[in-house]
Structures are given as structure tokens and as C-alpha cells.
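Enquirer: Residue-level listing of the chains:
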Amino acid sequence: MFRSLSRIAPQLITLGAIVLLVTAFFPDFILIGYERERLVGPIIDVLKRGAPVALLAIGMTLVIATRGIDLSVGTVMAISGAIGAWAISSGLGLAPTLALAIGAGLLCGLWNGCLVAVIGIQPIVATLILMTSGRGIAQLITEGRILTFSDPSFAFFGSGTLFGMPFPAVLWVLLALVVTLLMRRTALGILVEAIGVNRSASALAGVNARVLLIAVYMAAGLCAAFAGIVATADIRGADANNTGLWLELDAILAVVIGGNSLLGGRFSIAASVIGAMIIQTIDTGILLAGFPSEYNLVIKAGLVLIILVVQSPNLAQSWRFVKDESRRRRERSYEARKELRS
Amino acid sequence: MPLTIRSLSKSFPGAKALDCVDFDLRAGEVHALLGENGAGKSTLIKCLTGAYRRDSGEIMLNGEAISPSSTSEAQALGIGTVYQEVNLLPNLTVAQNLTFGREPRRFGFIDGTAQRAEARRMLSGYGLDIDVGRDLGAYSVAIQQIVAIARAVELSGKVLILDEPTASLDADETRMLFDVVRSLREKGLGIVFVSHFLDQVFELTDRLTVLRNGRKIVTEETARLDRVRLIEHMLGRELSMTEDAARRKTDPNVATRPEVVRFENFGRSGVVEPFDLTVHRGEVIGLAGLLGSGRTETAELMFGVRTAASGEARDETGRIAHANPREAIASGFGFAPEDRKTDGIIAELSIRENIILAMQARRGWAKPIPRAEQDRLAADYIEKLDIRTSGPEKPIGQLSGGNQQKVVLARWLAMNPRFLILDEPTRGIDVGAHAEILNLIRQLTDEGMSLLVISSELDELIAVSNRIVVVRDRRHVAELTGDDIATGPIVRAIAAEAAAQAEKVA
Amino acid sequence: MTVNPRFYPLLATIAIFVLAYTVCWIQFPAMLSTRVVGNLLTDNAYLGIVAVGMTVVILSGGIDLSVGSVIAFSGVFIAVVLRETSLHPLAVFVLLLAVTTAFGALMGLIIHSLAMPAFIVTLAGMFLARGAAYMLTIDSVPISDPFYDFIKSSYYLMPGKGRLTVIAGVMLLTVLVGALVAHRTRFGASMFALGGGEQTARLMGVRIGRLTVLIYAFSGFMAGLSGIVFSIYTGSGYPLATVGTELTAIAAVVIGGTILTGGAGYVVGTLFGVLTMGLIQTYIVFDGTLSSWWTKIVIGLLLLLFIVLQKGLLRISSAGQSVRHA
Numbered sequence: 004m005f006r007s008l009s010r011i012a013p014q015l016i017t018l019g020a021i022v023l024l025v026t027a028f029f030p031d032f033i034l035i036g037y038e039r040e041r042l043v044g045p046i047i048d049v050l051k052r053g054a055p056v057a058l059l060a061i062g063m064t065l066v067i068a069t070r071g072i073d074l075s076v077g078t079v080m081a082i083s084g085a086i087g088a089w090a091i092s093s094g095l096g097l098a099p100t101l102a103l104a105i106g107a108g109l110l111c112g113l114w115n116g117c118l119v120a121v122i123g124i125q126p127i128v129a130t131l132i133l134m135t136s137g138r139g140i141a142q143l144i145t146e147g148r149i150l151t152f153s154d155p156s157f158a159f160f161g162s163g164t165l166f167g168m169p170f171p172a173v174l175w176v177l178l179a180l181v182v183t184l185l186m187r188r189t190a191l192g193i194l195v196e197a198i199g200v201n202r203s204a205s206a207l208a209g210v211n212a213r214v215l216l217i218a219v220y221m222a223a224g225l226c227a228a229f230a231g232i233v234a235t236a237d238i239r240g241a242d243a244n245n246t247g248l249w250l251e252l253d254a255i256l257a258v259v260i261g262g263n264s265l266l267g268g269r270f271s272i273a274a275s276v277i278g279a280m281i282i283q284t285i286d287t288g289i290l291l292a293g294f295p296s297e298y299n300l301v302i303k304a305g306l307v308l309i310i311l312v313v314q315s316p317n318l319a320q321s322w323r324f325v326k327d328e329s330r331r332r333r334e335r336s337y338e339a340r341k342e343l344r345s
Numbered sequence: 012m013p014l015t016i017r018s019l020s021k022s023f024p025g026a027k028a029l030d031c032v033d034f035d036l037r038a039g040e041v042h043a044l045l046g047e048n049g050a051g052k053s054t055l056i057k058c059l060t061g062a063y064r065r066d067s068g069e070i071m072l073n074g075e076a077i078s079p080s081s082t083s084e085a086q087a088l089g090i091g092t093v094y095q096e097v098n099l100l101p102n103l104t105v106a107q108n109l110t111f112g113r114e115p116r117r118f119g120f121i122d123g124t125a126q127r128a129e130a131r132r133m134l135s136g137y138g139l140d141i142d143v144g145r146d147l148g149a150y151s152v153a154i155q156q157i158v159a160i161a162r163a164v165e166l167s168g169k170v171l172i173l174d175e176p177t178a179s180l181d182a183d184e185t186r187m188l189f190d191v192v193r194s195l196r197e198k199g200l201g202i203v204f205v206s207h208f209l210d211q212v213f214e215l216t217d218r219l220t221v222l223r224n225g226r227k228i229v230t231e232e233t234a235r236l237d238r239v240r241l242i243e244h245m246l247g248r249e250l251s252m253t254e255d256a257a258r259r260k261t262d263p264n265v266a267t268r269p270e271v272v273r274f275e276n277f278g279r280s281g282v283v284e285p286f287d288l289t290v291h292r293g294e295v296i297g298l299a300g301l302l303g304s305g306r307t308e309t310a311e312l313m314f315g316v317r318t319a320a321s322g323e324a325r326d327e328t329g330r331i332a333h334a335n336p337r338e339a340i341a342s343g344f345g346f347a348p349e350d351r352k353t354d355g356i357i358a359e360l361s362i363r364e365n366i367i368l369a370m371q372a373r374r375g376w377a378k379p380i381p382r383a384e385q386d387r388l389a390a391d392y393i394e395k396l397d398i399r400t401s402g403p404e405k406p407i408g409q410l411s412g413g414n415q416q417k418v419v420l421a422r423w424l425a426m427n428p429r430f431l432i433l434d435e436p437t438r439g440i441d442v443g444a445h446a447e448i449l450n451l452i453r454q455l456t457d458e459g460m461s462l463l464v465i466s467s468e469l470d471e472l473i474a475v476s477n478r479i480v481v482v483r484d485r486r487h488v489a490e491l492t493g494d495d496i497a498t499g500p501i502v503r504a505i506a507a508e509a510a511a512q513a514e515k516v517a
Numbered sequence: 223m224t225v226n227p228r229f230y231p232l233l234a235t236i237a238i239f240v241l242a243y244t245v246c247w248i249q250f251p252a253m254l255s256t257r258v259v260g261n262l263l264t265d266n267a268y269l270g271i272v273a274v275g276m277t278v279v280i281l282s283g284g285i286d287l288s289v290g291s292v293i294a295f296s297g298v299f300i301a302v303v304l305r306e307t308s309l310h311p312l313a314v315f316v317l318l319l320a321v322t323t324a325f326g327a328l329m330g331l332i333i334h335s336l337a338m339p340a341f342i343v344t345l346a347g348m349f350l351a352r353g354a355a356y357m358l359t360i361d362s363v364p365i366s367d368p369f370y371d372f373i374k375s376s377y378y379l380m381p382g383k384g385r386l387t388v389i390a391g392v393m394l395l396t397v398l399v400g401a402l403v404a405h406r407t408r409f410g411a412s413m414f415a416l417g418g419g420e421q422t423a424r425l426m427g428v429r430i431g432r433l434t435v436l437i438y439a440f441s442g443f444m445a446g447l448s449g450i451v452f453s454i455y456t457g458s459g460y461p462l463a464t465v466g467t468e469l470t471a472i473a474a475v476v477i478g479g480t481i482l483t484g485g486a487g488y489v490v491g492t493l494f495g496v497l498t499m500g501l502i503q504t505y506i507v508f509d510g511t512l513s514s515w516w517t518k519i520v521i522g523l524l525l526l527l528f529i530v531l532q533k534g535l536l537r538i539s540s541a542g543q544s545v546r547h548a
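Same order as they appear, the protein sequences are chains A, B and C.
Those letters in the first sequence? Residues 4 to 345, by the working numbering.
Those letters in the second sequence? Residues 12 to 517, by the working numbering.
Those letters in the third sequence? Residues 223 to 548, by the working numbering.
Please keep in mind that the hints were generated in silico from the structure rather than gathered at the bench.
Values in this document were obtained by computation on a predicted structure and should not be read as measured data.
Each residue gets a CB set at the ideal place from its N, CA and C atoms; glycine is no exception.
You may find that some hints are simply not true.
[Claimed, not checked] DEER-style ranges, computed between Cβ atoms:
| # | chain 1 | residue 1 | chain 2 | residue 2 | range |
| --- | --- | --- | --- | --- | --- |
| 1 | A | G123 | B | D210 | 48 to 58 Å |
| 2 | C | L398 | B | K405 | 54 to 64 Å |
| 3 | A | A27 | B | E404 | 34 to 44 Å |
| 4 | C | S255 | B | R117 | 36 to 46 Å |
| 5 | A | P295 | C | G382 | 46 to 56 Å |
| 6 | A | I16 | C | F409 | 39 to 49 Å |
| 7 | B | S20 | A | I122 | 48 to 58 Å |
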């Protein structure tokens with residue numbers, strides 16, 4: 004328990020610092036009220052608005068842990084959302100609608116996984132294909148329109164309230180918990196980390212790397228489907244053009260801010276979803292603090308650069324090098340002085 | 012003397028790679044550099060080419076002390092190198108590779124016609140008639156090697172180092188390469204030739220130097236040595252020195268014990284010729300042979316890393332499935348590979364996780380080994396194998412080579428396999444850990460496990476084996492038992508040429 | 223005479239373009255006119271230019287996700303500076319190119335000196351450039367300048383009344399220059415070497431750090447130039463413009479026969495990649511009943527086709543070498 008806390012400590016501290024910073028500009032930020040049986044307030048809003056990226060980050064963490072990347076999740080959101088909106092508006096009922104939307108996400112994940120694990124295409128290239136063409140497929144489903152619906156049971160996934168909390172917030176917290184438990188209470192976590200660090204050694208130890216890789220991309224597809232359902236339900240319509248647009252980049256960023264290496268291996272889902280919340284707090288905070296929203300991206304970019312530079316392996320190395328060099332130089336000048344004296 | 016090296020030393024953390032090595036190279040000679048893996052050949056070459064900084068000693072080129080700090084500096088000084096994995100770019104054309112960095116230009120742009128002409132001129136002395144406008148990658152490795160040599164000679168022109176140039180060539184290609192090397196010798200170049208193919212060493216070289224454990228063992232005219240003497244130098248045993256004190260007391264009845272596994276007509280052409288091998292309970296089979304003889308390939312076939320083209324493995328209940336590592340593990344096999352870093356350890360994971368990995372993979376993801384059980388296993392093996400660590404949660408990448416090897420062994424021991432393959436179990440390990448691992452092997456067989464041990468140290472094989480299989484030229488050529496398990500017979504079997512092959516056929 | 227296998231991917235690209243054009247022509251004979259060709263070149267001029275920069279980056283084994291944002295930044299920068307000052311547009315262009323080139327160089331420097339993946343560094347660059355554009359303005363700023371009007375109204379009338387506009391000419395010139403740089407200079411040779419393998423390139427004497435900075439600077443320059451062309455094409459600067467152009471450019475490069483992992487490809491191929499993608503759009507416009515989303519799906523299929531094709535080619539060409547592993 005203590006170990007896992009210390010793993011996410013840097014992300015928690017960053018999040019805390021940013022919350023403090025926002026509060027300094029906008030004191031009402033940390034106020035939470037209770038109206039009509041639901042919690043309200045900017046922080047609750049962050050938890051809700053950050054849901055799509057947090058959901059994507061869960062799956063992305065697993066993909067990145069295997070030394071991969073999934074560029075298609077934003078597009079998969081659009082596909083799942085489009086299928087969901089189409090199904091519910093053609094009167095299929097809630098359960099079949101959810102099954103279809105989630106099934107579409109899994110199918111997309113299976114496609115990516117097969118390209119990566121069976122054909123052996125680099126993950127970034129393999130998922131680029133679906134990223135490009137998937138939006139066209141989503142538009143095919145919505146026929147280029149914004150497909151609206153009014154079914155309240157489906158809309159609940161976007162704007163409903165559960166235990167006083169917005170449903171999307173409950174969903175990502177639950178999913179993060181479930182996936183973390185699934186990873187840590189079974190052996191999946193360590194097997195995923197093992198193939199991420201050293202695929203060939205893992206295969207020699209009997210780990211079924213191919214099946215695991217496909218499963219991981221399917222998990223990313225599943226998370227994207229959930230995110231797509233939330234995003235679509237929230238606006239009561241599927242917008243194939245804009246649903247999930249560029250969210251894959253935010254999700255990757257959340258994972259990286261979460262301290263997970265792009266080179267695979269050790270991962271922490273908790274840290275990634277906190278990373279997602281950091282991004283959302285910045286977004287919301289900048290708005291609330293009265294900065295024009297146009298500063299948002301520059302601040303985000305600056306923050307990313309700082310986090311990346313701090314994480315850079317080269318930096319640690321060059322520090323060591325500088326230290327060694329100066330020590331060596333001191334020694335050399337000492338020797339030289341000794342020689343001079345003698 | 013174009014190249015003279017005096018008492019060159021180089022250490023890495025925890026290991027002395029080169030210990031006061033002397034070496035000299037005459038103009039117009041081909042000088043073989045020999046030694047098993049880890050003997051120090053590649054370290055010596057890397058010191059010469061500027062890839063490594065030496066700790067002490069000096070390198071003289073034509074009487075001048077040099078100290079190259081990069082490959083291009085060494086090249087400019089006159090030392091060119093051609094590696095086994097060709098160090099040119101397969102995605103560029105032959106002409107681009109040959110003229111890289113010195114492309115003829117006109118009006119600031121590369122003149123393609125002049126570039127190709129220049130490339131053809133550079134290749135003219137080598138008897139190659141190829142289209143220099145094609146990708147280098149489109150040509151065979153042999154041609155790529157010659158192109159690499161042509162570039163190295165053009166740029167350097169004094170000393171040429173050929174590092175395992177024939178490792179992936181067939182007989183005709185090797186002959187073509189040798190013609191090139193001979194003609195360069197005529198021109199007065201000094202050539203260092205690294206190879207583990209002894210036939211080629213005898214065919215091509217004028218003198219040879221043997222390294223072992225970072226030391227120079229001997230420098231001699233090739234013609235004055237015979238194969239047996241040479242192998243003794245390389246493997247470190249004097250034939251005259253008789254009996255091996257550490258030799259295991261062989262149970263004479265080992266062959267009558269129940270069979271654990273029998274490989275029948277098992278092999279794949281081009282990898283290892285089909286062989287028969289029966290493994291008994293509690294038996295250690297040693298696999299002896301030089302580097303590249305098919306030792307590791309035998310192990311990989313058995314463990315399903317490569318697919319066998321013919322034959323099968325059986326036990327008393329029938330056919331054993333081992334088409335891939337997972338099946339092999341399910342059938343009770345284990346394999347600790349030669350290259351620990353790339354194929355053995357999962358560097359970032361802890362000792363505990365590395366130990367339980369194979370067991371966990373076998374149980375499936377849904378049935379995790381309870382944490383208490385994991386801790387117990389880790390603590391058990393850390394104690395039993397005396398793994399030196401501050402605790403079971405330390406990443407394995409931070410341990411020394413010997414301790415890493417013990418963890419990999421623990422991974423397999425935890426599976427309690429019936430047949431465990433150890434490929435170079437003591438490579439790169441300090442003396443203390445070395446003895447411990449040998450003791451462990453004895454202990455395991457006493458408990459009834461069967462082992463196949465691959466090693467280039469004959470002492471080690473002799474000390475632990477009940478039976479020794481000798482591999483040469485991708486063929487199992489001899490099986491030694493009883494009193495034949497001694498340096499003499501093994502070396503003779505490795506050295507024998509046609510005789511052994513004829514025997515095999517008969 | 224046999225064809226050098228080096229050219230297979232390029233020939234495949236050109237063949238697909240010719241095939242596609244033939245199909246279009248059979249269905250809509252009007253498409254075979256210099257007018258359509260002129261429009262094709264003009265409409266895709268900015269994309270062609272930025273794709274040339276992307277080709278160079280990808281050939282060296284890297285990637286540059288920032289270019290779409292840099293184009294938008296360029297348009298906004300030009301529009302705002304022209305509105306606020308009395309500088310001549312040409313002076314603004316020079317200023318802008320200096321900024322975007324330096325921006326690219328900086329990314330290259332970070333990639334090399336911190337050994338960070340290009341993907342992440344240029345992703346941060348993408349946010350930064352887009353953010354900088356927002357900071358200049360959040361509105362679409364129209365450009366009204368006599369010089370702009372002059373450029374827009376000048377063209378070369380091709381036989382058949384097709385118009386070769388200035389920006390189309392700039393694009394063709396860029397492709398030519400890009401091809402010369404990539405295939406006919408030592409810089410280009412080093413770039414291919416880096417894409418073939420960093421370790422080997424270093425062994426052959428390539429100065430990796432300097433080269434990396436130059437490559438991303440080149441891409442930054444091309445993105446800036448593309449931004450200029452885009453601002454002429456649209457007559458305005460808008461910070462939300464050209465979102466996702468980086469991916470379109472990458473797709474064009476891959477369809478143009480360049481291997482996404484670097485080391486092999488042609489700048490001219492990229493031109494055909496861009497034109498093929500433009501052709502699909504033109505076809506859809508001519509058809510009138512098809513919807514624009516088919517463009518994306520067809521482009522995705524083409525991508526898949528080329529990636530699998532390259533995978534196959536790689537497998538065939540490495541078959542000879544894999545003997546030592548078998």
C-alpha cells in the first residue's frame with residue numbers, strides 16, 4: 004500500500020499544486036455544494052469532464068506498458084458513439100445498444116492487435132490506419148449528420164447522477180479500480196510488464212506474448228468504447244467529426260504525465276488517471292481563473308515539456324557525467340600540482 | 012611492424028576484459044585472433060577501433076603511438092574494420108555506401124554518374140561485377156562483406172580488421188572472400204582475421220594469437236601448430252595433464268535408469284543435422300563443441316524456439332509436445348539461454364517476479380500465485396542459491412552477472428522440470444559463483460533432474476557430465492562416456508575432420 | 223532493360239495514381255483537362271509543401287506532429303503582423319520562416335540532446351504552436367494586401383485553359399528542391415543513413431546531433447512555407463485551420479511509397495501521394511452523390527495496402543539475409 008502511494012506521489016503533488024494555483028486565482032474552485040441530491044462545484048465538473056480522457060488513459064496505459072501506442076482510440080470513440088446513437092435512435096433498446104457500441108470498440112481493438120501482434124507492424128503505424136479511416140466509418144454510420152437521440156436511459160451515461168456524483172466520473176473511477184484489480188489481483192499485470200520490458204525473454208519463459216498483446220489492444224478499444232458512449236450520451240448525439248478528436252494525444256499525455264515510460268514496462272493506472280485529471284484541471288482551471296482559453300495550449304505544452312525534461316534519461320546521465328568530469332578534473336589538477344611541487 | 016600493442020588492459024565493472032595483452036601485426040600478413048566468447052577478442056578490437064578507451068598499455072601504428080577515440084578517427088589513422096553484421100547501410104545503393112561522406116559533387120550536388128564510376132573503380136580490384144546503382148541490401152552477405160572491405164581499404168589502407176566475416180557465408184562465398192583477403196595481403200596490408208572456424212584459420216592465416224579469459228595465451232606461426240594443440244590453447248587444457256580431480260563419480264548404471272526423454276532423428280537441415288539422443292533420469296549430458304558448431308541450436312530445437320523439420324521427442328507415454336516454448340514448458344522442459352541480457356532476465360522486474368515468471372505463465376493469468384507463496388519462493392531460492400541481494404524486490408538488472416544467472420536458474424528450478432537445458436550457465440560469472448553453480452548442477456541430478464549442459468569450458472563439462480556429446484559443423488559427431496570423458500578424447504573429437512564424419516555415416 | 227528494384231514502391235505509387243486517374247476519366251471524361259489538373263495542384267499546394275518536409279523527417283526515421291499547428295500559426299502570424307504593422311508581406315514571410323525554422327531546430331535539439339522520442343517532443347510542439355496561434359488571435363483574420371491580390375491573380379495559362387497558379391508553382395518547385403536535397407546532397411545521404419540505422423550511420427561518420435537539428439529545422443521551414451501558401455490560398459489566418467494536417471501529410475508520404483520507419487523513399491513519390499489523395503476528393507466532388515467520408519476510408523485502405531506491401535517487400539529482401547538466423 005505504501006509502495007503504491009509513493010509511486011503516485013509525484014502525480015498527486017503535481018495535481019495538488021495545480022489545484023492550489025487555480026484556487027489562488029479563483030477561490031471558489033474548491034467549493035463543493037449539494038443541490039437537488041447531487042454534488043456540484045468546479046471540482047465535480049473536472050471529474051466529469053475529464054472522464055473521456057481518463058477512460059482512454061486506462062487502456063492506453065496498458066498498451067504503452069507493452070511498449071506500444073494506440074493512436075486510434077479517439078476515432079474508436081467516434082465509431083462506438085455513432086453506433087450507440089444509431090442503435091438507440093432506431094429503437095433497439097439500451098442493452099443491445101450498449102452491446103453493439105462496446106462490441107465495436109472490441110472489434111477495433113482486435114483489428115489493431117492483429118496488425119501489431121500477428122502481422123508485426125509497428126504499433127504507431129498499425130493504429131494510424133484505423134485513426135485515419137475510422138472517422139470515415141463513423142461518418143458512414145451517422146451519414147455525415149449529427150445523429151441525435153432523446154432516449155433518457157442512454158443519456159444517463161453522459162449526464163446522469165449516481166450516488167450524488169455525475170455518472171461519467173463514477174464510471175472512470177470504477178473502471179480504473181476494476182482494471183487495476185484485474186491487473187494486480189491476477190497475474191495479468193506482471194505478464195504485461197514482462198512482455199513490455201523483454202518480449203523475447205518472456206516468450207522463452209512461456210508467456211503467450213501474442214495473445215496478451217491482442218488482449219491489451221482490445222482493452223484499449225473497450226475503454227475507447229466507454230469513452231465514446233459517455234461523450235455521445237453527454238451531448239445526446241453522435242458527432243462523427245468531433246467526438247474524441249485529438250483525445251488520443253491527451254490520453255498519451257496523461258499516461259506520460261503519470262510517469263509511465265513510453266518504452267514499456269512498469270505501469271500505474273492510478274497515476275495515469277491522475278494525469279488525466281491534471282490535464283482537465285489545467286483546462287478548467289485556466290478558464291475559471293479568468294485567463295483567456297487561448298493560453299490553455301501554451302501552458303499545457305510548457306507543462307508537458309517540463310515533465311518530459313525531468314523524466315529524460317539523458318538528463319540523469321549527463322548530471323552523472325558532469326559530476327564525474329569535474330571530479331576527474333579536480334584530481335588531474337591535484338596531480339599536476341603535486342608534480343609541479345616535486 | 013605496422014601495428015604493435017603492448018600490455019593493453021581494459022576492465023569493466025566487475026570483470027577484467029583484457030589483462031596486459033601484447034599483439035603485433037606485420038605488413039602483408041593475415042593474423043588470426045582466436046578465443047571463445049568472453050576471451051577478450053571483441054574488447055581488443057574495440058580498443059583498436061576507438062569504440063572503447065583502454066585503461067593502460069599502448070598501441071603503436073607504424074611506430075607512432077595512437078589513441079583513437081572514435082571509429083572514424085581510427086579509420087582516418089589507417090585502421091579499418093569490417094564486422095560480421097555488415098556495418099554498411101542496406102537501404103543505400105552500393106555506390107552510395109562506397110562513397111559515403113566523400114561523394115563526388117558538381118555545382119554542390121552529388122554527381123550520380125561520377126559517383127557510380129568512382130564506386131566501380133573502388134570495386135575493380137575485387138573481381139565483383141555488380142550493378143552499383145542497386146541497394147546494397149539486395150546483394151548477398153558475401154558481396155556486402157566485400158563492399159565493406161573495399162570501403163575500409165579505401166579509407167584506411169594500413170590495417171584491416173575482419174571480425175567474423177565468414178560467419179554467415181557458404182563455402183563458395185567464403186572462397187571468394189578469401190581470394191580478396193589474399194590479394195590484399197599481396198598488396199602489403201596487415202589483416203587481423205577473427206573467426207571461430209578453425210579450418211579457415213589454417214587455410215588462410217600466417218600467424219595466430221589465442222586469447223583466453225582476457226589474457227594472451229600464445230602467438231605462433233599457423234603452420235607450426237596442429238588442430239589439437241590449438242584447441243587446447245583455446246579451451247585451456249594441456250592434454251598431458253591427466254586426470255581431472257574434480258571429475259564427477261559417474262554412476263555406471265546411469266544408462267540403465269528410466270528414460271526421461273528420447274529424441275529420435277531430431278533436427279532441421281541447415282541448423283542441426285538430425286540426431287538421436289536419449290536422456291536418463293538424473294543424468295547430465297554435456298554438449299561440447301566450438302562456437303558456431305550447433306550447440307545452442309541443438310538446445311533451441313529441443314525447447315521449441317526453432318521448429319524441428321524432422322523427428323520427434325518421446326517418453327514412455329508417447330510423443331512429447333514441444334513445438335514452442337510454452338508447449339515445451341508444459342512438457343516439463345526448462346531452458347536457461349546463453350544470452351542472459353536479451354533472452355533471460357526481465358531487467359526492470361524484481362528478483363521475486365523474475366523467479367515466479369515461468370511458473371506464473373504456466374498457471375495462466377487467472378490463477379495468480381499468492382503473494383505469500385511468491386515471497387516464500389523468492390526467499391527460498393535467494394537462500395538456497397545464495398543470491399547476493401539486499402532483498403527480493405530489487406530489480407534483477409541491478410545484480411551482478413552471477414546473481415542474475417542464479418535468478419534465472421531459480422525460475423526454472425521453481426518449475427521442477429524433468430529436463431533442464433543450461434546454455435553456458437557460467438559465462439561471465441566470477442569464480443565463486445562459478446563453483447556454486449557447478450555444485451548446484453550436481454545437487455539437482457542427485458535429486459533426479461536431468462540436464463543438458465552447454466559450455467565452452469571443457470573443465471566444467473568434464474566435472475559435471477555423465478556423458479558428452481560433441482558437436483561440430485552443425486552435426487552431433489561423437490558421444491563419449493566413462494573414461495572417455497576427458498580433455499583428450501573431447502579435443503580429438505572436436506578436431507577430427509573427415510574421420511569422425513565417416514564414422515557417423517557408418 | 224530491367225528496372226532497379228529500388229524504384230518499385232515509387233512505380234507502385236505512380237501506377238496507382240495513373241490507374242485512379244484513368245478510372246476517373248472513364249467515368250467523367252471532363253476530368254482529363256488541364257483545368258482539373260491546375261485545380262488539383264492549387265488545392266493541394268500547401269499539403270504538398272508540408273509533405274515534402276514530412277518526407278525528409280520520415281526518411282530519417284523521425285516524425286513531426288507539429289506541422290499542422292505550425293501552418294495555422296503561420297497564417298495567423300502573417301495576418302496579424304500585416305494588420306498591425308506596415309511591413310511588406312515579403313518581409314513578414316522572411317520573419318515567419320526564421321521563426322518556424324528556429325522552432326523546428328529547437329525540437330530537433332531537444333529530441334537529440336534529451337534522447338526523447340520525436341513523437342512526444344513534436345506532440346508538445348504541436349500544442350505549443352497551436353497555443354501560440356491562439357494567443358495571437360482567436361478569430362479568423364482576413365488578409366487584405368495588394369501584394370496578396372497580385373499573387374492570387376497571377377497564373378500561367380496552360381493549354382486547355384487550365385491555370386497554373388503561383389502557389390501551385392511554388393509547390394512544384396518545393397518538390398524539385400526537396401528531391402534535389404534528399405537525393406543529390408550529402409545532407410540527404412546522411413539523412414537516409416540515419417533512417418537506415420543510427421548506430422551504423424554514426425560508424426560511417428554522420429554527425430547525428432547536427433543532422434537531427436537540421437532535419438527538423440527543414441521540416442519547420444517547410445511548414446512555414448506551407449503556412450504562407452495556405453494564407454494566400456484562403457486569404458486569411460485562422461488559428462483553428464489545418465487541424466490534423468500532420469496526419470494527412472504522413473498518409474501522403476506513406477502512400478507516396480516512403481517507409482514509415484525511415485531509410486527508403488522518394489520525395490517525388492510524396493507528390494503523387496498528395497495528388498492521389500486530392501484525386502479521390504475531386505472524384506467525390508464530380509460524383510456529387512458520394513459523401514466526403516469515403517475519402518477517409520479510401521485513404522485508410524490505401525495506407526493499409528502500402529504498409530502491408532512494404533512489409534512484404536521487406537520480408538522478401540531480407541529473406542536472403544535471414545539464412546544466418548534460420
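Enquirer: Mind checking the hinted window 54 to 64 Å against the Cβ distance between L398 of chain C and K405 of chain B?
Expert: Hint holds: Cβ distance 59 Å, inside 54 to 64 Å.
Enquirer: Quick check on a hinted range of 39 to 49 Å for I16 of chain A and F409 of chain C, using CB atoms only.
Expert: 45 Å Cβ-Cβ, so the 39 to 49 Å window holds.
Enquirer: Determine whether the Cβ-Cβ distance between S255 of chain C and R117 of chain B falls within the hinted range of 36 to 46 Å.
Expert: Between S255 of chain C and R117 of chain B, where Cβ atoms are some 40 Å apart, the hint holds.
Enquirer: Falls inside 34 to 44 Å, the C-beta gap from A27 of chain A to E404 of chain B?
Expert: 40 Å, holds
Enquirer: If you check the beta carbons of P295 of chain A and G382 of chain C, does the distance land in 46 to 56 Å?
Expert: Holds - the Cβ-Cβ distance for P295 of chain A and G382 of chain C, about 50 Å, lies within 46 to 56 Å.
Enquirer: Does the hinted range 48 to 58 Å hold for G123 of chain A and D210 of chain B at CB?
Expert: 38 Å, violated
Enquirer: Assuming the hint says 48 to 58 Å, is it satisfied by the Cβ distance from S20 of chain B to I122 of chain A or not?
Expert: 49 Å, holds
Hint check: a violation occurs at hint 1 only; the rest are consistent with the structure.
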